[in-house]
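Make the full structure from the sequences, and use the hints.
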Amino acid sequence: AQSVTQLDSQVPVFEEAPVELRCNYSSSVSVYLFWYVQYPNQGLQLLLKYLSGSTLVKGINGFEAEFNKSQTSFHLRKPSVHISDTAEYFCAVTWGYNTDKLIFGTGTRLQVFP
Amino acid sequence: ETGVTQSPTHLIKTRGQQVTLRCSSQSGHNTVSWYQQALGQGPQFIFQYYREEENGRGNFPPRFSGLQFPNYSSELNVNALELDDSALYLCASSPETSGSFYNEQFFGPGTRLTVL
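Line by line, the protein sequences give chains A and B. First residue of the first sequence: -12, per our numbering; consecutive thereafter. First residue of the second sequence: 47, per our numbering; consecutive thereafter.
Think of the hints as simulated: they come from the structure by calculation, not from any bench. Worth double-checking, as some hints may not be accurate.
As the list claims (entries may be wrong) - Just the calculated beta-carbon pair ranges, DEER-fashion: (1) B:Q87 with A:E7: 18 to 26 Å; (2) A:F100 with B:Q87: 23 to 31 Å; (3) B:L113 with A:S(-4): 17 to 25 Å; (4) B:T48 with A:Y26: 31 to 39 Å; (5) B:Q63 with A:N28: 19 to 27 Å; (6) B:T48 with A:S57: 41 to 49 Å; (7) B:G86 with A:S14: 18 to 26 Å; (8) A:N48 with B:G104: 25 to 33 Å; (9) B:G74 with A:Q32: 18 to 26 Å; (10) A:P5 with B:T66: 43 to 51 Å; (11) B:K59 with A:S17: 15 to 23 Å; (12) A:L(-6) with B:G104: 31 to 39 Å; (13) A:R64 with B:G74: 29 to 37 Å; (14) A:S39 with B:T60: 32 to 40 Å.
Unchecked claim - Quick look at which bits of chain B chain A covers, simulated, 3 or more residues with Cβ under 8 Å: (15) 87 to 99; (16) 153 to 159.
Said to hold, decoys possible - So these bits of chain B aren't anywhere near chain A, every CB distance computed over 12 Å: (17) Q52; (18) T55; (19) H56; (20) V65; (21) G74; (22) G102; (23) L113; (24) P116; (25) L129; (26) L136.
As the structure is a computational prediction, the values presented were derived from the model and not from experiment. No residue lacks a Cβ here, since even glycine has one placed at the ideal position from N, Cα and C.
Structure (structure tokens):
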């Protein structure tokens, strides 16, 4: 069965500092990987996705993630965070074939301080 | 182009009652998925509807049921509400379910259900 682990429930960081949010997955088949962001009292917005091809994926708002098949990881990074990046971030996986069911991690709360 | 909309925004019910949540899919989308997001948790897949038929179900009891209409809007019905049903319910629509390629899901803002 597929599963997603987000290793950090909270990540505090100062503005303009770099950040990495960690995500590991478990699957016996090839997967598609996603990062979503959720601002307070809102739904989910897709940041980026890995479907195939280059393992370095660039998304919106300056975020990027690297798919590492050998380490079954898909960590999210941003070189310089802004106050407005404060939100909940979810890593998700699906295996695609004839299903769009997404399996989510438990989320990482990114708190950016001035 | 209108995005995914959900109604109502908030809802308060008491234990044992029944509730219906509604979702209007994005224009051109024929697939709707429902997720439950409990406080402090990631969303959990409830079920998916494709062209008015259920197309996959997560680990939720039968008192969670759904419906998709010819215009591809959808309802989530929950009978015999329990306290643990308190959560944010998210609807997501996607353009097509193909055999070998993922179709991006677009999420609505959710309905916050509180069961007292």
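Next item on the list: Could you let me know if the closest chain A CB is still more than 12 Å away from the CB of L136 of chain B?
Entry: 6 Å, violated
Notebook entry, point to check: Between L(-6) of chain A and G104 of chain B, does the beta-carbon spacing fit 31 to 39 Å?
Noted result: 24 Å, violated
Checklist line | Hint check for T66 of chain B and P5 of chain A - Cβ pair distance inside 43 to 51 Å | finding: Given about 46 Å between the Cβ atoms, the range holds.
Item checked: Range hint compliance [Cβ, T48 of chain B to S57 of chain A, 41 to 49 Å] -> At roughly 43 Å between Cβ atoms, S57 of chain A and T48 of chain B fall inside 41 to 49 Å, so the hint holds.
Check: Within 18 to 26 Å or not, the Cβ separation of G86 of chain B and S14 of chain A?
Finding: Given about 25 Å between the Cβ atoms, the range holds.
Margin query: A cut-off of 12 Å on Cβ-Cβ distance, and L113 of chain B was said to be off the interface with chain A. Does that hold?
Written below: L113 of chain B clear of chain A: closest Cβ-Cβ about 19 Å, beyond 12 Å.
Notebook entry, point to check: Once the closest CB in chain A is found, is it more than 12 Å from Q52 of chain B?
Noted result: Q52 of chain B is in fact no farther than 12 Å from some Cβ atom of chain A, at 8 Å.
Next item on the list: Hint says 19 to 27 Å; check whether the CB-CB distance for Q63 of chain B and N28 of chain A agrees.
Entry: 24 Å, holds
Next item on the list: Note whether the CB distance of L113 of chain B and S(-4) of chain A lies within 17 to 25 Å or breaks it.
Entry: 36 Å, violated
Note to self: Would the non-interface assignment of L129 of chain B survive a Cβ cutoff of 12 Å against chain A?
What the structure shows: 21 Å, holds
Notebook entry, point to check: Would you say the C-beta atoms of N48 of chain A and G104 of chain B sit inside 25 to 33 Å of each other?
Noted result: Since N48 of chain A and G104 of chain B have Cβ atoms about 30 Å apart, the given range 25 to 33 Å holds.
Next item on the list: With 15 to 23 Å as the target window, see if K59 of chain B and S17 of chain A comply at their CB atoms.
Entry: Violated, since K59 of chain B and S17 of chain A (Cβ atoms, about 41 Å apart) do not stay within the stated range.
Checked against the numbered hints above, the structure violates hints 3, 4, 11, 12, 14, 17, 18, 19, 22 and 26; every other hint is satisfied.
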